[in-house]
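Novice: Sequence:
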Amino acid sequence: MKTTKYTKFDDFLETYKNKTSSLNKHKKALELFIIIHPNINPETYFRDTRLLSKQKEILIKDRIEKDMKTYQRELEKNYSPNTVESYISSIRTFLIFCHITLDESFWKTLNNLKIAIGNSHFDTSPTKQQIKIILSNAKALDKALFLTMVSTGLREQDIIDIEMNDLHLNEKPPRIVIKTLSNNKKRRLPFTFITEECKEAIELWIIQKEEYIKKTRKISNLPIKWETSNKLFPISEVTARNRWNKLLKDSNLNEQSTNQNGRKQFIFHLYTLKKFFRSYLDNRDLAEYLIGHTNISNLYYNKNIEEIKQEYLKYSKNLYILNNPKIPENISIELEQRDKEIQKLTDANKYLEKVVSKIKDEFKDLKEEMNSTIKTLIPEPKPGLPTYHLGFKYKNGRRIDYKWDDKQMKEIQVSKSEQNQINISDSNDELQEYVSTYEKIQKEHPGLTDYDYHHMTCIEIDKNKKNKNK
0 MKTTKYTKFD
10 DFLETYKNKT
20 SSLNKHKKAL
30 ELFIIIHPNI
40 NPETYFRDTR
50 LLSKQKEILI
60 KDRIEKDMKT
70 YQRELEKNYS
80 PNTVESYISS
90 IRTFLIFCHI
100 TLDESFWKTL
110 NNLKIAIGNS
120 HFDTSPTKQQ
130 IKIILSNAKA
140 LDKALFLTMV
150 STGLREQDII
160 DIEMNDLHLN
170 EKPPRIVIKT
180 LSNNKKRRLP
190 FTFITEECKE
200 AIELWIIQKE
210 EYIKKTRKIS
220 NLPIKWETSN
230 KLFPISEVTA
240 RNRWNKLLKD
250 SNLNEQSTNQ
260 NGRKQFIFHL
270 YTLKKFFRSY
280 LDNRDLAEYL
290 IGHTNISNLY
300 YNKNIEEIKQ
310 EYLKYSKNLY
320 ILNNPKIPEN
330 ISIELEQRDK
340 EIQKLTDANK
350 YLEKVVSKIK
360 DEFKDLKEEM
370 NSTIKTLIPE
380 PKPGLPTYHL
390 GFKYKNGRRI
400 DYKWDDKQMK
410 EIQVSKSEQN
420 QINISDSNDE
430 LQEYVSTYEK
440 IQKEHPGLTD
450 YDYHHMTCIE
460 IDKNKKNKNK
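Those letters in the sequence shown? Residues 0 to 469, by numbering that gives the first Met the number 0.
Be aware that one or more of the hints could be misleading.
Said to hold, decoys possible - Quick list of simulated restraints, FRET-style, between CB atoms:
#  : residue 1 : residue 2 : range
1  : V355      : E170      : 49 to 59 Å
2  : E170      : I95       : 46 to 56 Å
3  : K316      : V237      : 32 to 42 Å
4  : K343      : E367      : 31 to 41 Å
5  : L312      : E210      : 50 to 60 Å
6  : Q54       : T6        : 37 to 47 Å
7  : Q156      : N303      : 44 to 54 Å
8  : H36       : L312      : 57 to 67 Å
9  : R283      : V355      : 32 to 42 Å
10 : Y15       : D160      : 22 to 32 Å
11 : Y15       : E210      : 16 to 26 Å
12 : L312      : T14       : 45 to 55 Å
13 : H36       : K316      : 35 to 45 Å
14 : E202      : I95       : 29 to 39 Å
Derived from the structure by calculation, the hints contain no laboratory data. All C-beta atoms in this analysis are idealised placements derived from N, C-alpha and C, irrespective of residue type, glycine included.
With the hints as extra help, turn the sequences into a complete structure.
Specialist: Structural data, given as C-alpha coordinates:
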(Lines of atoms letter the chains of each structure in order from A and count residues from 1; the text may use other names and numbers.)
(Lines give C-alpha, C1' and ligand atoms only; values in the text may rest on other atoms or scores of the structure.)
Protein backbone atom coordinates (compact mmCIF):
# COMPACT_ATOMS: atom_id res chain seq x y z
CA MET A 1 0.00 0.00 0.00
CA LYS A 2 1.36 3.41 -0.93
CA THR A 3 0.53 6.34 1.30
CA THR A 4 1.14 8.80 -1.55
CA LYS A 5 -2.37 8.13 -2.84
CA TYR A 6 -3.84 9.76 0.29
CA THR A 7 -3.52 13.54 0.49
CA LYS A 8 -3.80 13.72 4.28
CA PHE A 9 -1.05 11.18 4.71
CA ASP A 10 1.16 13.05 2.27
CA ASP A 11 0.59 16.39 4.00
CA PHE A 12 1.39 14.85 7.38
CA LEU A 13 4.55 13.03 6.23
CA GLU A 14 5.76 16.15 4.43
CA THR A 15 6.28 17.79 7.84
CA TYR A 16 8.91 15.11 8.64
CA LYS A 17 10.82 15.12 5.36
CA ASN A 18 14.00 16.27 7.13
CA LYS A 19 13.70 13.66 9.87
CA THR A 20 14.26 10.33 8.19
CA SER A 21 13.78 8.04 11.20
CA SER A 22 10.53 9.73 12.29
CA LEU A 23 9.27 9.83 8.70
CA ASN A 24 9.78 6.07 8.24
CA LYS A 25 8.18 5.27 11.58
CA HIS A 26 5.05 7.39 10.90
CA LYS A 27 4.77 6.03 7.36
CA LYS A 28 4.92 2.43 8.58
CA ALA A 29 2.37 3.10 11.35
CA LEU A 30 -0.13 4.61 8.88
CA GLU A 31 0.37 1.76 6.40
CA LEU A 32 -0.35 -0.82 9.10
CA PHE A 33 -3.46 1.08 10.21
CA ILE A 34 -4.89 0.85 6.67
CA ILE A 35 -3.90 -2.84 6.37
CA ILE A 36 -5.66 -3.68 9.66
CA HIS A 37 -8.70 -1.57 8.65
CA PRO A 38 -8.91 -2.07 4.86
CA ASN A 39 -12.49 -0.78 4.53
CA ILE A 40 -11.85 2.78 5.66
CA ASN A 41 -11.15 5.74 3.42
CA PRO A 42 -8.54 7.95 5.12
CA GLU A 43 -9.81 11.06 3.33
CA THR A 44 -13.24 10.81 4.99
CA TYR A 45 -12.33 8.76 8.06
CA PHE A 46 -9.91 11.30 9.55
CA ARG A 47 -12.24 14.31 9.42
CA ASP A 48 -11.63 17.60 11.19
CA THR A 49 -14.02 17.38 14.15
CA ARG A 50 -14.11 21.16 14.53
CA LEU A 51 -16.37 21.35 11.49
CA LEU A 52 -18.88 18.78 12.77
CA SER A 53 -21.82 18.89 15.12
CA LYS A 54 -21.34 17.56 18.63
CA GLN A 55 -23.28 14.40 17.84
CA LYS A 56 -21.23 13.56 14.72
CA GLU A 57 -18.02 14.38 16.57
CA ILE A 58 -18.88 11.84 19.29
CA LEU A 59 -19.74 9.15 16.69
CA ILE A 60 -16.44 9.63 14.84
CA LYS A 61 -14.38 9.59 18.02
CA ASP A 62 -16.14 6.46 19.29
CA ARG A 63 -15.35 4.66 16.02
CA ILE A 64 -11.71 5.76 16.07
CA GLU A 65 -11.31 4.61 19.70
CA LYS A 66 -12.77 1.22 18.81
CA ASP A 67 -10.47 0.89 15.79
CA MET A 68 -7.43 1.95 17.85
CA LYS A 69 -8.05 -0.91 20.28
CA THR A 70 -8.19 -3.34 17.34
CA TYR A 71 -5.03 -1.77 15.92
CA GLN A 72 -3.16 -2.35 19.19
CA ARG A 73 -4.32 -5.97 19.54
CA GLU A 74 -3.22 -6.81 15.98
CA LEU A 75 0.16 -5.14 16.40
CA GLU A 76 0.86 -7.06 19.61
CA LYS A 77 0.68 -10.31 17.66
CA ASN A 78 3.70 -9.44 15.53
CA TYR A 79 5.66 -6.61 17.14
CA SER A 80 7.52 -5.93 20.36
CA PRO A 81 5.93 -3.75 23.11
CA ASN A 82 8.22 -0.83 22.29
CA THR A 83 7.34 -0.97 18.58
CA VAL A 84 3.60 -1.17 19.35
CA GLU A 85 3.87 1.83 21.64
CA SER A 86 5.85 3.73 18.99
CA TYR A 87 3.28 3.07 16.22
CA ILE A 88 0.36 4.04 18.46
CA SER A 89 2.18 7.26 19.28
CA SER A 90 2.51 7.92 15.53
CA ILE A 91 -1.24 7.47 14.97
CA ARG A 92 -1.95 9.76 17.91
CA THR A 93 0.33 12.41 16.39
CA PHE A 94 -1.46 12.07 13.04
CA LEU A 95 -4.87 12.45 14.73
CA ILE A 96 -3.72 15.70 16.33
CA PHE A 97 -2.51 16.83 12.88
CA CYS A 98 -6.07 16.17 11.60
CA HIS A 99 -7.53 18.14 14.55
CA ILE A 100 -8.98 15.00 16.16
CA THR A 101 -8.32 15.00 19.89
CA LEU A 102 -9.33 11.93 21.86
CA ASP A 103 -9.75 12.13 25.64
CA GLU A 104 -6.66 11.51 27.74
CA SER A 105 -8.62 8.88 29.67
CA PHE A 106 -8.92 6.82 26.48
CA TRP A 107 -5.15 6.74 25.94
CA LYS A 108 -4.68 5.65 29.55
CA THR A 109 -7.24 2.89 29.05
CA LEU A 110 -5.49 1.82 25.86
CA ASN A 111 -2.18 1.68 27.69
CA ASN A 112 -3.71 -0.50 30.42
CA LEU A 113 -4.90 -2.96 27.77
CA LYS A 114 -1.33 -3.73 26.73
CA ILE A 115 -0.28 -7.35 27.11
CA ALA A 116 2.18 -7.50 29.99
CA ILE A 117 2.93 -11.16 30.55
CA GLY A 118 2.80 -12.13 26.90
CA ASN A 119 5.52 -9.65 26.00
CA SER A 120 7.90 -10.61 28.78
CA HIS A 121 11.17 -12.43 28.08
CA PHE A 122 13.42 -14.29 30.47
CA ASP A 123 16.96 -12.96 30.58
CA THR A 124 19.79 -13.07 33.07
CA SER A 125 23.26 -11.71 33.59
CA PRO A 126 26.06 -13.92 32.23
CA THR A 127 28.74 -15.03 34.67
CA LYS A 128 32.42 -14.06 34.44
CA GLN A 129 33.25 -17.47 33.00
CA GLN A 130 30.53 -17.21 30.36
CA ILE A 131 31.71 -13.74 29.24
CA LYS A 132 35.25 -15.10 29.14
CA ILE A 133 34.10 -17.89 26.82
CA ILE A 134 32.19 -15.41 24.64
CA LEU A 135 35.20 -13.08 24.27
CA SER A 136 37.89 -15.77 24.11
CA ASN A 137 37.91 -15.83 20.29
CA ALA A 138 36.64 -12.27 19.76
CA LYS A 139 38.42 -9.76 17.54
CA ALA A 140 40.11 -6.66 18.92
CA LEU A 141 37.10 -4.46 18.13
CA ASP A 142 34.70 -6.78 19.96
CA LYS A 143 36.92 -7.13 23.03
CA ALA A 144 37.39 -3.37 23.34
CA LEU A 145 33.69 -2.63 22.76
CA PHE A 146 32.18 -5.22 25.08
CA LEU A 147 34.78 -4.88 27.85
CA THR A 148 33.94 -1.17 27.86
CA MET A 149 30.31 -2.08 28.46
CA VAL A 150 31.34 -4.53 31.20
CA SER A 151 33.55 -1.90 32.91
CA THR A 152 31.06 0.98 32.75
CA GLY A 153 27.53 -0.43 32.66
CA LEU A 154 26.73 1.97 29.79
CA ARG A 155 24.36 1.14 26.94
CA GLU A 156 25.65 0.45 23.45
CA GLN A 157 24.44 3.83 22.11
CA ASP A 158 26.52 5.68 24.72
CA ILE A 159 29.59 3.55 23.90
CA ILE A 160 29.19 4.09 20.15
CA ASP A 161 29.23 7.88 20.67
CA ILE A 162 32.67 7.87 22.35
CA GLU A 163 35.28 9.80 20.37
CA MET A 164 39.06 9.46 20.44
CA ASN A 165 39.55 12.76 22.29
CA ASP A 166 37.20 11.49 25.03
CA LEU A 167 39.80 8.95 26.14
CA HIS A 168 42.05 9.68 29.13
CA LEU A 169 43.81 6.33 29.41
CA ASN A 170 46.86 7.57 31.35
CA GLU A 171 44.81 8.47 34.41
CA LYS A 172 44.24 6.10 37.30
CA PRO A 173 41.68 4.72 36.91
CA PRO A 174 41.44 5.30 33.13
CA ARG A 175 38.64 7.78 32.34
CA ILE A 176 36.28 8.25 29.38
CA VAL A 177 34.25 11.44 28.83
CA ILE A 178 30.55 10.83 28.15
CA LYS A 179 29.02 13.69 26.16
CA THR A 180 25.54 12.36 25.41
CA LEU A 181 23.37 12.52 28.49
CA SER A 182 19.76 11.53 28.01
CA ASN A 183 17.04 13.37 29.92
CA ASN A 184 16.61 10.67 32.52
CA LYS A 185 20.35 10.67 33.31
CA LYS A 186 20.79 14.33 34.28
CA ARG A 187 22.61 13.45 37.49
CA ARG A 188 25.12 11.13 35.89
CA LEU A 189 28.79 12.01 35.87
CA PRO A 190 29.97 13.53 32.55
CA PHE A 191 32.60 10.76 32.47
CA THR A 192 33.06 7.15 33.50
CA PHE A 193 35.91 4.85 34.50
CA ILE A 194 37.22 1.62 32.98
CA THR A 195 39.46 -1.19 34.22
CA GLU A 196 43.11 -1.63 33.24
CA GLU A 197 42.06 -4.75 31.33
CA CYS A 198 39.61 -2.70 29.27
CA LYS A 199 42.26 0.00 28.71
CA GLU A 200 44.66 -2.58 27.24
CA ALA A 201 41.91 -3.89 24.94
CA ILE A 202 41.14 -0.35 23.73
CA GLU A 203 44.83 0.39 23.09
CA LEU A 204 45.14 -2.81 21.03
CA TRP A 205 42.00 -1.91 19.08
CA ILE A 206 43.28 1.62 18.31
CA ILE A 207 46.38 0.07 16.72
CA GLN A 208 44.19 -2.11 14.47
CA LYS A 209 41.42 0.44 13.84
CA GLU A 210 42.80 1.91 10.57
CA GLU A 211 43.39 -1.54 9.12
CA TYR A 212 39.81 -2.52 10.04
CA ILE A 213 38.42 0.48 8.16
CA LYS A 214 40.47 -0.35 5.05
CA LYS A 215 39.31 -4.00 5.01
CA THR A 216 35.68 -3.08 5.66
CA ARG A 217 35.77 -0.56 2.81
CA LYS A 218 36.84 -3.31 0.42
CA ILE A 219 34.22 -5.90 1.38
CA SER A 220 31.26 -3.61 2.07
CA ASN A 221 29.87 -0.20 1.34
CA LEU A 222 31.28 1.44 4.46
CA PRO A 223 29.59 4.80 5.12
CA ILE A 224 31.98 7.69 4.57
CA LYS A 225 31.02 9.14 7.95
CA TRP A 226 32.85 6.25 9.66
CA GLU A 227 36.04 6.93 7.70
CA THR A 228 36.10 10.63 8.45
CA SER A 229 34.70 10.57 11.97
CA ASN A 230 36.79 10.59 15.12
CA LYS A 231 34.76 7.88 16.81
CA LEU A 232 36.46 5.16 18.80
CA PHE A 233 34.16 2.48 17.39
CA PRO A 234 33.18 3.19 13.73
CA ILE A 235 30.04 1.04 13.82
CA SER A 236 26.31 1.50 14.40
CA GLU A 237 24.25 0.22 17.34
CA VAL A 238 22.69 -2.46 15.11
CA THR A 239 26.16 -3.65 14.06
CA ALA A 240 27.24 -3.80 17.72
CA ARG A 241 24.25 -6.00 18.61
CA ASN A 242 24.82 -8.22 15.55
CA ARG A 243 28.49 -8.72 16.47
CA TRP A 244 27.50 -9.69 20.03
CA ASN A 245 24.85 -12.12 18.79
CA LYS A 246 27.41 -13.76 16.48
CA LEU A 247 29.78 -14.23 19.43
CA LEU A 248 26.93 -15.87 21.38
CA LYS A 249 26.36 -18.34 18.54
CA ASP A 250 30.08 -19.05 18.10
CA SER A 251 30.45 -19.83 21.81
CA ASN A 252 27.26 -21.96 21.91
CA LEU A 253 25.66 -19.61 24.46
CA ASN A 254 22.86 -18.52 22.15
CA GLU A 255 19.95 -19.92 24.17
CA GLN A 256 16.74 -17.96 23.58
CA SER A 257 13.55 -17.30 25.50
CA THR A 258 10.13 -17.13 23.82
CA ASN A 259 7.21 -15.01 25.03
CA GLN A 260 3.54 -15.95 24.67
CA ASN A 261 3.37 -14.16 21.34
CA GLY A 262 6.10 -16.41 19.94
CA ARG A 263 8.78 -13.69 19.77
CA LYS A 264 12.32 -14.89 20.60
CA GLN A 265 15.23 -13.15 22.28
CA PHE A 266 18.70 -14.24 23.40
CA ILE A 267 18.88 -14.85 27.17
CA PHE A 268 22.31 -13.18 27.21
CA HIS A 269 21.34 -10.26 24.96
CA LEU A 270 23.64 -7.23 24.89
CA TYR A 271 21.77 -5.31 27.61
CA THR A 272 22.60 -8.05 30.14
CA LEU A 273 26.19 -6.70 30.26
CA LYS A 274 24.71 -3.75 32.14
CA LYS A 275 23.16 -6.22 34.59
CA PHE A 276 26.57 -7.86 34.96
CA PHE A 277 28.15 -4.51 35.87
CA ARG A 278 25.54 -3.80 38.54
CA SER A 279 25.82 -7.29 40.05
CA TYR A 280 29.57 -7.90 39.94
CA LEU A 281 30.83 -4.46 40.96
CA ASP A 282 29.72 -5.59 44.44
CA ASN A 283 28.69 -2.06 45.43
CA ARG A 284 25.12 -1.34 44.36
CA ASP A 285 25.14 2.39 45.22
CA LEU A 286 28.38 3.00 43.30
CA ALA A 287 27.07 1.05 40.30
CA GLU A 288 23.77 2.97 40.25
CA TYR A 289 25.65 6.27 40.56
CA LEU A 290 28.07 5.52 37.69
CA ILE A 291 25.23 4.28 35.46
CA GLY A 292 23.29 7.46 36.24
CA HIS A 293 20.19 6.10 37.97
CA THR A 294 18.68 8.84 40.14
CA ASN A 295 18.32 7.92 43.79
CA ILE A 296 18.19 10.68 46.39
CA SER A 297 19.33 8.33 49.14
CA ASN A 298 22.50 7.35 47.22
CA LEU A 299 25.46 8.50 49.35
CA TYR A 300 27.76 8.85 46.32
CA TYR A 301 26.01 12.06 45.26
CA ASN A 302 27.67 13.69 48.29
CA LYS A 303 31.19 12.35 47.65
CA ASN A 304 33.95 14.11 45.76
CA ILE A 305 35.55 12.74 42.58
CA GLU A 306 38.70 11.47 44.31
CA GLU A 307 36.64 9.39 46.74
CA ILE A 308 34.65 7.91 43.85
CA LYS A 309 37.88 7.09 41.98
CA GLN A 310 39.25 5.20 44.98
CA GLU A 311 35.96 3.34 45.41
CA TYR A 312 36.00 2.30 41.73
CA LEU A 313 39.61 1.09 42.00
CA LYS A 314 38.64 -0.92 45.07
CA TYR A 315 35.59 -2.65 43.59
CA SER A 316 36.45 -2.78 39.86
CA LYS A 317 38.72 -5.80 40.45
CA ASN A 318 35.47 -7.80 40.35
CA LEU A 319 34.94 -6.73 36.71
CA TYR A 320 38.08 -8.31 35.25
CA ILE A 321 37.14 -10.99 32.72
CA LEU A 322 40.13 -12.27 30.73
CA ASN A 323 42.90 -11.53 33.24
CA ASN A 324 43.17 -11.04 36.97
CA PRO A 325 43.84 -7.43 38.08
CA LYS A 326 47.53 -6.53 38.24
CA ILE A 327 48.62 -5.66 41.77
CA PRO A 328 51.97 -3.90 42.49
CA GLU A 329 54.54 -6.26 44.06
CA ASN A 330 54.85 -4.33 47.35
CA ILE A 331 51.06 -4.29 47.79
CA SER A 332 50.88 -7.98 46.86
CA ILE A 333 53.44 -8.90 49.59
CA GLU A 334 51.60 -6.76 52.13
CA LEU A 335 48.27 -8.40 51.27
CA GLU A 336 49.84 -11.87 51.56
CA GLN A 337 51.22 -11.08 55.02
CA ARG A 338 47.89 -9.65 56.09
CA ASP A 339 46.10 -12.79 54.90
CA LYS A 340 48.49 -14.93 56.99
CA GLU A 341 47.86 -12.78 60.08
CA ILE A 342 44.10 -13.01 59.56
CA GLN A 343 44.37 -16.80 59.23
CA LYS A 344 46.38 -17.00 62.50
CA LEU A 345 43.79 -14.91 64.34
CA THR A 346 41.01 -17.04 62.90
CA ASP A 347 42.70 -20.27 64.06
CA ALA A 348 43.39 -18.79 67.53
CA ASN A 349 39.78 -17.70 67.84
CA LYS A 350 38.52 -21.18 66.96
CA TYR A 351 40.87 -22.69 69.61
CA LEU A 352 39.64 -20.25 72.29
CA GLU A 353 36.03 -21.06 71.43
CA LYS A 354 36.75 -24.76 72.01
CA VAL A 355 38.50 -24.02 75.37
CA VAL A 356 35.63 -21.83 76.58
CA SER A 357 33.10 -24.45 75.55
CA LYS A 358 35.05 -27.16 77.43
CA ILE A 359 35.29 -25.01 80.61
CA LYS A 360 31.54 -24.36 80.49
CA ASP A 361 30.82 -28.07 80.26
CA GLU A 362 33.21 -28.85 83.15
CA PHE A 363 31.68 -26.10 85.31
CA LYS A 364 28.20 -27.44 84.61
CA ASP A 365 29.22 -30.97 85.61
CA LEU A 366 30.96 -29.64 88.74
CA LYS A 367 27.90 -27.66 89.78
CA GLU A 368 25.63 -30.68 89.38
CA GLU A 369 28.08 -32.83 91.40
CA MET A 370 28.29 -30.20 94.18
CA ASN A 371 24.49 -29.89 94.45
CA SER A 372 24.21 -33.66 94.62
CA THR A 373 26.84 -33.82 97.43
CA ILE A 374 25.11 -31.07 99.44
CA LYS A 375 21.81 -32.90 99.28
CA THR A 376 23.43 -36.03 100.71
CA LEU A 377 24.97 -34.04 103.58
CA ILE A 378 21.74 -32.28 104.63
CA PRO A 379 19.35 -34.65 106.36
CA GLU A 380 15.71 -34.75 105.40
CA PRO A 381 13.44 -32.85 107.80
CA LYS A 382 12.02 -35.11 110.54
CA PRO A 383 8.36 -35.02 111.51
CA GLY A 384 7.65 -33.01 114.63
CA LEU A 385 10.47 -30.50 114.20
CA PRO A 386 9.45 -27.17 115.72
CA THR A 387 8.17 -24.51 113.34
CA TYR A 388 9.85 -21.18 114.08
CA HIS A 389 8.34 -17.80 113.56
CA LEU A 390 10.32 -15.47 111.35
CA GLY A 391 8.86 -12.29 112.84
CA PHE A 392 5.66 -10.43 113.45
CA LYS A 393 4.02 -7.05 112.96
CA TYR A 394 0.81 -5.31 113.92
CA LYS A 395 -1.79 -4.76 111.21
CA ASN A 396 -5.10 -3.01 111.91
CA GLY A 397 -4.64 -3.59 115.64
CA ARG A 398 -4.01 -7.31 115.27
CA ARG A 399 -0.67 -9.10 115.53
CA ILE A 400 0.36 -10.86 112.30
CA ASP A 401 3.06 -13.53 112.65
CA TYR A 402 5.22 -15.08 109.92
CA LYS A 403 6.43 -18.64 109.98
CA TRP A 404 8.02 -21.18 107.62
CA ASP A 405 5.47 -23.82 106.76
CA ASP A 406 5.52 -26.45 104.01
CA LYS A 407 8.63 -24.99 102.29
CA GLN A 408 7.18 -21.52 101.89
CA MET A 409 6.71 -18.35 103.88
CA LYS A 410 3.16 -17.90 105.09
CA GLU A 411 1.42 -15.04 106.84
CA ILE A 412 -0.70 -16.37 109.66
CA GLN A 413 -2.84 -14.86 112.36
CA VAL A 414 -2.44 -16.47 115.74
CA SER A 415 -4.47 -16.07 118.89
CA LYS A 416 -3.02 -15.11 122.27
CA SER A 417 -3.15 -18.71 123.46
CA GLU A 418 -1.20 -19.89 120.37
CA GLN A 419 1.40 -17.20 120.99
CA ASN A 420 1.87 -18.40 124.56
CA GLN A 421 2.24 -21.99 123.39
CA ILE A 422 4.89 -20.99 120.82
CA ASN A 423 6.50 -18.91 123.57
CA ILE A 424 7.58 -15.89 121.48
CA SER A 425 8.53 -13.08 123.82
CA ASP A 426 7.66 -9.45 123.16
CA SER A 427 11.39 -8.69 122.81
CA ASN A 428 11.46 -11.15 119.89
CA ASP A 429 14.56 -13.02 121.23
CA GLU A 430 13.76 -16.13 119.24
CA LEU A 431 13.67 -14.15 116.01
CA GLN A 432 17.07 -12.61 116.79
CA GLU A 433 18.51 -16.05 117.50
CA TYR A 434 17.02 -17.37 114.26
CA VAL A 435 18.43 -14.51 112.16
CA SER A 436 21.94 -14.72 113.61
CA THR A 437 22.04 -18.54 113.20
CA TYR A 438 20.68 -18.25 109.66
CA GLU A 439 23.36 -15.72 108.67
CA LYS A 440 26.10 -17.82 110.24
CA ILE A 441 25.10 -20.93 108.29
CA GLN A 442 24.74 -18.90 105.11
CA LYS A 443 28.35 -17.73 105.38
CA GLU A 444 29.64 -21.20 106.16
CA HIS A 445 27.70 -22.87 103.31
CA PRO A 446 27.19 -20.44 100.41
CA GLY A 447 25.11 -21.40 97.39
CA LEU A 448 22.28 -23.33 99.10
CA THR A 449 18.56 -22.73 98.69
CA ASP A 450 16.50 -20.68 101.15
CA TYR A 451 14.73 -23.81 102.31
CA ASP A 452 18.04 -25.58 103.01
CA TYR A 453 19.25 -22.61 105.08
CA HIS A 454 15.99 -22.53 107.04
CA HIS A 455 16.07 -26.26 107.67
CA MET A 456 19.70 -26.20 108.88
CA THR A 457 18.92 -23.14 111.07
CA CYS A 458 16.02 -24.99 112.74
CA ILE A 459 18.23 -28.02 113.45
CA GLU A 460 20.98 -25.81 114.91
CA ILE A 461 18.54 -23.93 117.18
CA ASP A 462 17.00 -27.23 118.31
CA LYS A 463 20.45 -28.54 119.25
CA ASN A 464 21.22 -25.36 121.19
CA LYS A 465 17.96 -25.70 123.17
CA LYS A 466 18.71 -29.33 124.06
CA ASN A 467 22.18 -28.38 125.23
CA LYS A 468 20.73 -25.60 127.43
CA ASN A 469 18.22 -27.98 128.97
CA LYS A 470 21.01 -30.40 129.89
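Novice: Each of the hints needs a verdict: does it hold here or not?
Specialist: Hint check results:
no. : hint                    : in the structure
1   : V355 x E170: 49 to 59 Å : holds (52 Å)
2   : E170 x I95: 46 to 56 Å  : holds (50 Å)
3   : K316 x V237: 32 to 42 Å : holds (33 Å)
4   : K343 x E367: 31 to 41 Å : holds (37 Å)
5   : L312 x E210: 50 to 60 Å : violated (33 Å)
6   : Q54 x T6: 37 to 47 Å    : violated (27 Å)
7   : Q156 x N303: 44 to 54 Å : violated (29 Å)
8   : H36 x L312: 57 to 67 Å  : holds (60 Å)
9   : R283 x V355: 32 to 42 Å : holds (38 Å)
10  : Y15 x D160: 22 to 32 Å  : holds (24 Å)
11  : Y15 x E210: 16 to 26 Å  : violated (40 Å)
12  : L312 x T14: 45 to 55 Å  : holds (51 Å)
13  : H36 x K316: 35 to 45 Å  : violated (59 Å)
14  : E202 x I95: 29 to 39 Å  : violated (51 Å)
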